[in-house]
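Trainee: Single-letter residue listing:
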Amino acid sequence: MPEITYREALNQALSEEISRDPNVVLMGEEVAQFKGSYKVSEGLLEKFGPDKIIDTPISEAAFSGLAVGAAMMGMRPVVEFMFWSFCYVAFDQIFNNAASIRYMSGGLINVPIVFRGPANGGTNVGATHSHTPENFAANTPGLKVICPSTPADAKGMMKAAIRDNDPVCVMENTILYNLKGEVPEEEDFIIPLGKARTVCQGNDLSIIAHGRSVMVALQVAETLQEKHGVSVEVLDLRSIRPLDLDAILDTVRKTNRVLLVEENKPFCGVDSQIAYLIQEHAFDHLDAPVKRVSAIDVPQAYSKALENFQIPNHDRVLAKAMELL
Amino acid sequence: MEGIYHDADLKDSPVSEKKTVVDSPDIAQTSDFSNLPINLQLDSEEKIRLYSQMVRIRRFEERSLRAYQQGHIGGFLHLYIGQEAVAVGSVSVMSEDDHVITAYRDHGHALAVGMDMDECMAELFGKRTGCSKGKGGSMHFFAPDKNFWGGHGIVGGQTPLGLGIAYALKHRKKKGACMCFMGDGATNQGPFYESLNLASLWGLPVVYIIENNGYSMGTAESRHSAGEPLARRGEAFDINWSVHQGHDLYEVRDAINNALVLAKESSSPSVLEIVTYRYRGHSVADPDQTYRSKEEIEEYKQNKDPINLFRDKLISEGVLSDEKANLLDQAAKDEAEASAEFAIASPFPEVSELMDDVYWETDNPDQKVSSGEMFFESSR
Ligand SMILES: Cc1ncc(C[n+]2csc(CCOP(=O)(O)OP(=O)(O)O)c2C)c(N)n1
Ligand SMILES: [Mg+2]
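Going down the list, the sequences are from chains F and X.
Sequence positions in the first sequence follow this note's numbering and run 1128 to 1452.
Sequence positions in the second sequence follow this note's numbering and run 1446 to 1825.
Calculated from the structure, these hints are not laboratory results.
Don't take each hint at face value.
[Unchecked claim] Okay, derived cross-link-like pairs now, DSSO-like style, lysine-lysine, Cα gap no bigger than 30 angstroms in a straight line: (1) K1619/X x K1179/F; (2) K1179/F x K1591/X; (3) K1618/X x K1174/F; (4) K1620/X x K1174/F; (5) K1813/X x K1322/F.
Just need the whole structure built from these sequences, with the hints factored in.
Mentor: See the structure below:
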């Protein structure tokens, strides 16, 4: 299986789906001539031309809404946000229109749209550019939301998202764009939404994470094994809504101790809901309270010295894990 | 680009004192639009149908108001009474490839595109037989089979959607255009300008129709908008714009038809401002006592009522008689009454239906491709 980057995996997914279905177009700021702010769409303009790969002005509300209108008419637009942080100026179009039109029309109108782009901290770009709105999206019935953490997931889940008949928010990560991994080449390589992935097996503690926090969880699992002889199971949620509750409960029932790790801010973050579900469904299997590591609860800090501490890092996650053992 | 300003009746208009008249070389100084080709095409039967459409909308809404007062309808109910010629005139020049989207004051557009009173009234009542199965309400009517895309509750929120409908038409090389209706107040929303820029930049066949009824809730145009007329704002984007009187159905037809032709022949957007008036409060919850005078409302009703004016016109054309008009009126009342009876007799949706219609996928379990929990109720 070839090793490619997360960026290339997304590029392949877009390219294959645009080739496969004439309704699919990619639009956003700098996606065409500039080849994408993060070069995710490199080569696509040359391959598909300006009718399919569409540069927009800096008008998130208008092009998001335009894409929703086009999706109502049966197209399958993929909208790129340069950062998910910028979706806030298009909030109405995503959170009212894309999410609710099917419901408000009594199921008469579908909105098969993908909103995608990076949603992460850790790049020293300050509070306005570091939002992780997966909890907002997951809090909005009508939207689906996924956070692929590997190149293979990026490709397989992006393809699933584009083929999905409901609006899907794909939250990527600028730090992961250069990550390399094995990615299947088949045209129909699809990873269904709503399936978590056990990244490593273990017996003593479960770390449940999504997005880049999965990598931090893995590093901590290695440290715990090497230094303390503790066997950690790491579960990558991959998809937030739909959510693989079975996989969550399985690992909890196996290790009886859970640490939740995410880049979301803690209050009403994704992991608040996960913790709630665990206590509701697996209370008797817990040998310790559920613990969490989230981003420190302040606007994202600019300084490396602060931000590296603010987002879940190896040492903070390790320290919290030790509290559980 | 020069706008056309049909200001023949401007002096009497309730918003006239505040308006700056824009000089335009190609002002059509006509107040009789009946002899324009688009209107000469109409035969008597079609004229009567247009008249009857307006009457049906009015009687439907009057009946819905009573139902509201009787407690059958909750929430907001924004009545279109006074503005009927705009929706009916506009829809009457649509072809089957053209599309309509509007804001929350949507009953008139819904009935004009051919939705039936029963499904509309039932929706107001929150009944399962409503057009959105009771899940949308007054502000959220939809009929995609009639090219009617809602019914949108967020002021200005539909302006990018209308753009997207036009974009999809152009992308698929269809011949149609999208009429995107909005209020005067909605012109002050940012997404509208983002949309105008894109509409012009990409040459999209969208017609923005500002139904200027003079008020954004209780805020008169002169208190909410700088720079009039509102349609002139299109000029900054090189978009054709013009202002028209909305009490004359013939004038509306001509204006909209021209814009649709432009949209379809040269894939150009337009901004049309149609001056109109609403008789009732902003919604039925608005006591309508603080921001305008009874005289102002009376003045419009007396001199500019679109239904009365069109009736008089048709009578003078020999197309309609008082008798026939009365019959049509009675028929509309009966139809509205029957729709209220239908709504009353209809069942409410079952609580078990609450979670239907959210996701395509959960509504089509046989074609489900994802797994996992989609809803977070304590169901297991
Ligand atoms: C974003 C947003 N802000 C405020 C409101 C509340 N609101 C509903 S209608 C309205 C006035 C809009 O007036 P206009 O656009 O002129 O339309 P009209 O009601 O006259 O048809 C307001 C303020 C809303 N629905 N959406
Ligand atoms: Mg208004």
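Trainee: Does each hint fit the structure? Answer for all of them.
Mentor: Evaluated hints:
1. Between the alpha carbons of K1619/X and K1179/F the distance comes to roughly 17 angstroms, so the proposed pair stays at or under 30 angstroms and holds.
2. As the CA atoms of K1179/F and K1591/X are separated by approximately 28 angstroms, the hinted pair is consistent with the 30 angstroms bound.
3. A threshold of 30 angstroms between alpha carbons decides the hint, and for K1618/X with K1174/F the separation of about 21 angstroms falls inside it, so the pair holds.
4. Of the pairs offered as hints, the one joining K1620/X and K1174/F holds, with about 27 angstroms between alpha carbons and a cut-off of 30 angstroms not exceeded.
5. With a C-alpha separation of about 13 angstroms, the suggested pairing of K1813/X with K1322/F holds against the 30 angstroms cut-off.
In summary, this structure violates none of the numbered hints.
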